[in-house]
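Using the sequences and the hints, build the whole thing.
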Amino acid sequence: MERIHVVLLVVMVLASSGIKSTAGSFQSCYGPCFLLCAITPDTTLSSCALQCLKQCIISYISSPPSSSPSLVRDDRRRSLHYYCKLGCAASLCTNISTRGKPDGEAVEGCVKTCSDLCTNHHH
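In case it helps, mature numbering (1 follows the signal peptide of the UniProt record, and there is no 0) puts the sequence shown at residues -24 to -1, 1 to 99.
By construction, these hints were calculated from the structure, which means they are not laboratory data. Be aware that one or more of the hints could be misleading.
Said to hold, decoys possible - With a Cα cut of at most 30 Å, we get these calculated DSSO-like pairs of lysine-lysine:
1. K77 x K30
2. K30 x K88
3. K77 x K88
Computed from a prediction, not measured in an experiment: that's the story for all the values here.
As structure tokens, then:
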């Protein structure tokens, strides 16, 4: 029963602050996602971090197929960059957050470093 009160409290705080998981910035997606996941019974912090990284790293892999060879190359490049960034972030960024402090700013910095590494590697 106490856990339900905590979940409701977190949801009310997030709703009243205007934070939405679909907002444009990584931090506004990652923080609420991690906090809600972390209070779910039988979840680990690393699984929450990975789940929220996948949810909050924006990708174009679901964009419709294109017939133009240059657009197909661009779609493939974006997909490679997404998977490179997600793999790097899964390896390096999942141990930053704690149950009470998702530290979206530090995770965002880590993900940006991964993005920079992947951009240099795939271009």
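Satisfaction of hint between K88 and K30, Cα-Cα up to 30 Å | holds (14 Å)
Take a quick look at whether K77 and K30 sit within 30 Å of each other, Cα to Cα.
-> holds (19 Å)
Starting from K77, check that the Cα of K88 is at most 30 Å away, please.
-> holds (19 Å)
No hint from the list above goes unmet by this structure.
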